[in-house]
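Got chain A; can you put chain B on it based on the hints?
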Amino acid sequence: MKDKEKRKLRGDVEGNARALATGFKYLVEPNRMTLDYPVESMKLAPNYRGFFTVDDKKCIGCSMCEMVCPPEAITMIPRVVSPTGETLPVQEGASQEAGAKPAKKTKRPVVNWGRCIYCYFCFDICPVDAFVRSNVHDLAYYNDADYRPSYEGYLKLPEDPVKKSKKVVPRPDMKRGIKYEPAP
Amino acid sequence: MGILLLIIWLIQDLLYLIVFPGLVVAMVLVILLIYLERKIAAKVQMRYGPLYVSRKVGGALQSVSDLLRFSFQEFILPIGSDSIAFLMAPGFMFAFAMMPLIFIPVGPYYSYLFPSTLTILFSVALITITPIYAIIVGWASDNKFSFIGSLREAFLVISYEIPLLLSVIAMVIVYRTLNYIPAVAFQETHLPGIILNPIAALVFIIVAIRSTGRFPFDITEADSELIMGLYTEYSALFFGIGMATPYIELYALSLIFSLLFLGGWWPVSIHATGLLAGLFLPGIIVIIKAFIVMMVLVFLRAVYPRYRVDQAVRSGWERIIYLGIIAVIISILEVIII
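Those protein sequence lines, which keep their order, are chains A and B. So the mapping is simple: the working numbering equals the position in the first sequence, first residue as 1, plus 13. So the mapping is simple: the working numbering equals the position in the second sequence, first residue as 1, plus 2.
If we strip away everything but chain A, and leave its shape as in the complex, we get:
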C-alpha cells in the first residue's frame, strides 16, 4: 500500500471514530439551544418593533406615512369627522341629517400586515407622533384577508399570545454557546 493511501485510510478511520464519539457525547449530555417557545419566551427590549396602531385623536391624515412606507404596506382610507370629533366611515358620515354642520373629509392609515416590514419609518416621519407601538410580534392569521384589517380592527392592538409564558433572557455562555436565564 502506498504511503498516501495508508494516510487516507487512517484518516478515514480516525474521522469516523471522532464523529461517532462527538455524536455520542451530545447524546449523553444534550446541549439544547432551542427556546421552548410557548412555554418560555424571550423578554423583549423596551423599544422592540412589534405590531403598532394609530391614535385616532392625534392623526391629522397627512399621508406622510403612506408616502414613506418602503413596502407600500400603509394605505390611506377616506373617513369623515363627525361633529363630536370621532372619525366615521364615509357612508355613515354622509347619512347624517341635513342642516347639521357638514362633515369634514379626512384620511386615516391602515397597515397590511402581510407587507409590513416593521421598519417604523412611519413613526419617524409622523409630524404629530400619532403611532402607538407594542412588543407583540408573534401573531399569525388563518386567512389572507385577515392580514388586511379594517380601520376599526387596526385601531385595536393585538393581545400578546405568550403573555403567560415564562420570560427568559439569552446570555452568552463559554461552554454552551447560548444559555437562557429567567428574566430579572
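Treat the hints with care, since some could be wrong.
Restricting the straight-line Cα-Cα distance to at most 27 Å, the calculated cross-link-like pairs of lysine-lysine (DSSO-like) are [said to hold, decoys possible]:
1. A:38 <-> A:177
2. A:117 <-> A:169
3. A:179 <-> A:71
4. B:58 <-> A:192
5. A:169 <-> A:70
6. A:176 <-> A:38
7. B:41 <-> A:180
8. B:41 <-> A:192
9. A:71 <-> A:118
10. B:41 <-> A:38
11. B:58 <-> B:41
12. A:38 <-> A:188
13. A:71 <-> A:180
14. B:58 <-> A:38
15. A:180 <-> A:56
16. A:120 <-> A:71
17. A:192 <-> A:179
18. A:169 <-> A:120
19. A:56 <-> B:58
20. B:146 <-> A:180
21. A:169 <-> A:179
22. A:118 <-> A:70
23. A:70 <-> A:117
24. A:177 <-> B:58
25. B:146 <-> A:188
26. A:169 <-> A:56
27. A:56 <-> A:176
28. A:179 <-> B:58
29. A:169 <-> A:118
30. B:58 <-> A:176
31. A:71 <-> A:117
32. A:38 <-> A:21
33. B:41 <-> A:179
34. A:192 <-> A:176
35. A:180 <-> A:169
36. A:177 <-> A:192
Rather than coming from a laboratory, the hints here were simulated on the basis of the structure.
Chain B alone, transformed into the frame defined by chain A:
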C-alpha cells in the same frame, strides 16, 4: 384429535406471524423507532425533536398521530402513472420486507409454517427481492425524481448485495450450517459471531445501513436533491407503507444480525425448557438485541452527512467487497485451524 392438533398448530403459527415477532411487534417497534430516531437526532443536533403531541411524555405519541394522519389523508393518483403498478408495488414491497420474518426464529422451539433447514439462505434471499419493487415504484410514478431515485437504488443494489452474501457466507462457513438454530447453538458452545469474525460483522452492518437507506447512504431518498426520492408521488396510506418498509427491512436485518453475530438468545441456554425460559425469554432477548442494533443504526443519522451516489457505489466495489472476501478468508482459516 388430529384435526384439533392441526388447528392448534395453525393458530400457533398464525400468532407467530401476526403477533409476536411478526406484524404487530414489528409495527410497534417501527413506531417506537421512528420516534426515537427523531428524538436522538434532535438531541445531538441541539434541538428538542417531537414534543407537542403528548407533551407530558416527551412527544411519544407523535408517530401514532403521524400514522393516523397517513390513514385518513386523501390519496392522489397521478394522471401519467402506471396505475396498477403504482398501487400494487408498495404493498408488495412491504410484504416482501416482512417475508424474511417467516424464516427468522426467535427461540429454540420454533415451528415453521414452512419447515426448512435452509433458513439463513431463505431469509437472505428474500431480503434481496424488495429492491425490485423499489425500481417498479420509480418507473410507475412517472416522475423524474422517483425515476432517478429508483435508478440510484438499482446502482446501490448491485454494489451491496454481493458483500451482504459474502458476510453471511463467511458466518455459514464458520457455523457449518444454513439453519439459524444450530448457528446459535454453535455460538453458545464457542464464541459469539462478532468475536469469531469481526470483519464479517462490520460488512454486514455497513450493508444493512446501505440496503435500508439509513444515513450515510440515504441516497435513494435524498430529500435535498430528490424531494422524497421514490415516494415523491405517493400520499396517504401508500406513503406510510413506503416509509415503513425500510424500517421493517431494518428490523429483519437486525434480527439476522443478532442471531448470526450477537449469539441470538445467548444468556438463555438452547436446551432450556418450560414456558418462560423455553418460549418467551429467548424471543424477548433476541428482540431487545435487535432493537439495540436498530438504535445504533438510526443514531448514525445524527452524525453523518450523505454520500454521493458514485462515492457509495465506488466504496461498495472498491472497499466493502474486499472486506467481504477477507471475511470469507478469515472464516476458512478459522475452520482449518479449529
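A quick look at each hint next to the structure:
1. A:38 <-> A:177: 35 Å, violated
2. A:117 <-> A:169: Within the cut-off at roughly 24 Å; holds.
3. A:179 <-> A:71: 36 Å, violated
4. B:58 <-> A:192: Cα-Cα ~24 Å, so holds.
5. A:169 <-> A:70: 14 Å, holds
6. A:176 <-> A:38: Cα-Cα ~36 Å, so violated.
7. B:41 <-> A:180: Distance of about 26 Å is within 27 Å: holds.
8. B:41 <-> A:192: 21 Å, holds
9. A:71 <-> A:118: At roughly 16 Å apart (the allowed maximum being 27 Å), residue 118 of chain A and residue 71 of chain A satisfy the hint.
10. B:41 <-> A:38: Distance ~15 Å between residue 41 of chain B and residue 38 of chain A Cα, so the pair holds.
11. B:58 <-> B:41: 15 Å, holds
12. A:38 <-> A:188: Roughly 14 Å between the alpha carbons, so the hint for residue 38 of chain A and residue 188 of chain A holds.
13. A:71 <-> A:180: Status violated; Cα separation ~34 Å.
14. B:58 <-> A:38: 26 Å, holds
15. A:180 <-> A:56: 5 Å, holds
16. A:120 <-> A:71: 12 Å, holds
17. A:192 <-> A:179: 15 Å, holds
18. A:169 <-> A:120: 18 Å, holds
19. A:56 <-> B:58: 25 Å, holds
20. B:146 <-> A:180: 49 Å, violated
21. A:169 <-> A:179: Holds, because 25 Å separates the two Cα atoms, which is no more than 27 Å.
22. A:118 <-> A:70: 15 Å, holds
23. A:70 <-> A:117: 14 Å, holds
24. A:177 <-> B:58: 19 Å, holds
25. B:146 <-> A:188: Distance ~46 Å between residue 146 of chain B and residue 188 of chain A Cα, so the pair is violated.
26. A:169 <-> A:56: 23 Å, holds
27. A:56 <-> A:176: 11 Å, holds
28. A:179 <-> B:58: 18 Å, holds
29. A:169 <-> A:118: 23 Å, holds
30. B:58 <-> A:176: The given pair, whose Cα atoms are some 22 Å apart, holds under the 27 Å limit.
31. A:71 <-> A:117: Given pair residue 71 of chain A, residue 117 of chain A holds - Cα atoms ~16 Å apart, limit 27 Å.
32. A:38 <-> A:21: 25 Å, holds
33. B:41 <-> A:179: 24 Å, holds
34. A:192 <-> A:176: Within the cut-off at roughly 21 Å; holds.
35. A:180 <-> A:169: 24 Å, holds
36. A:177 <-> A:192: 21 Å, holds
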